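Peer 1: On the provided structure of chain A, position chain B as indicated by the hints.
Chains as they are written, first to last, in my numbering: chain A, 12 to 103; chain B, 12 to 103.
Source of the hints: derived by calculation from the structure; they are not laboratory data. The reader is advised that the hints may include incorrect statements.
From chain B, some residues computed to sit far from chain A (all C-beta separations above 12 Å) [what the hints assert, rightly or not]: (1) Ala30; (2) Asp71; (3) Glu72; (4) Val74.
Here are the simulated DSS-like cross-link-like pairs (lysine-lysine), alpha carbons at most 27 Å apart as the crow flies [what the hints assert, rightly or not]: (5) A:Lys65 to B:Lys99; (6) A:Lys99 to A:Lys65; (7) B:Lys65 to A:Lys99; (8) B:Lys65 to A:Lys65.
Nothing here was measured: the structure is a model prediction, and the numbers come from that model. Heads up, the beta-carbon is just placed ideally off N, CA and C, and yes, glycines get one too.
Protein chains: 2
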Amino acid sequence: MSLFGFSLKPRRAKTAQTAKDRLQLLLAHERAGGSGAADFLPQLQNDILEVIRKYVTVADEDVEIRLQRDNAVSSLEINIEMPADSGKKPRS
Amino acid sequence: MSLFGFSLKPRRAKTAQTAKDRLQLLLAHERAGGSGAADFLPQLQNDILEVIRKYVTVADEDVEIRLQRDNAVSSLEINIEMPADSGKKPRS
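Only chain A is shown next, with the shape it has when bound in the complex (with noise of 0.2 Å):
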């Protein structure tokens, strides 16, 4: 399965009886600049992820992250496993 050039590679199967929903987020930040400032990948990844909480019960454990930096790109990667229908209502 490939969307716009990016892979969903099959996960390890942990639970491999559980049909599992997974969600996959990446992201990238190029600075023209190649100064390495204004990274501020470490404090979004939490937002994002509190913000995924709103719609999807997410267990700690189940949440993989990867976060690269260099002088001119940054890229976080975050990869959920979750029950298939994990779904809740958003809190308004």
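Peer 2: Relative to chain A, chain B alone:
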């Protein structure tokens, strides 16, 4: 420049002389049940944009959003261009 197998492709040179930062976000939700239920990406899209605006100044016209949905996978792509060094202090 390729990260995780997805590539930050060069954007249109709308303001060719101005250094631009770019933020690219890709999000895919794969539903095990394939039911089409719990498709919260349209709402999540607004929440994520709001969260990003805590950290950087983003003009509406610099945001490009693509949302795709089928039975098993919904995906969201957000591309943002912003002036270099448009970072701001996050609200507490």
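Peer 1: Next, verify each hint and record whether it holds.
Peer 2: Results for each hint:
no., hint, verdict
1, Ala30, "violated (4 Å)"
2, Asp71, "holds (19 Å)"
3, Glu72, "holds (18 Å)"
4, Val74, "holds (14 Å)"
5, A:Lys65 to B:Lys99, "holds (25 Å)"
6, A:Lys99 to A:Lys65, "holds (8 Å)"
7, B:Lys65 to A:Lys99, "holds (25 Å)"
8, B:Lys65 to A:Lys65, "holds (18 Å)"
Checked against the numbered hints given earlier, this structure breaks only hint 1.
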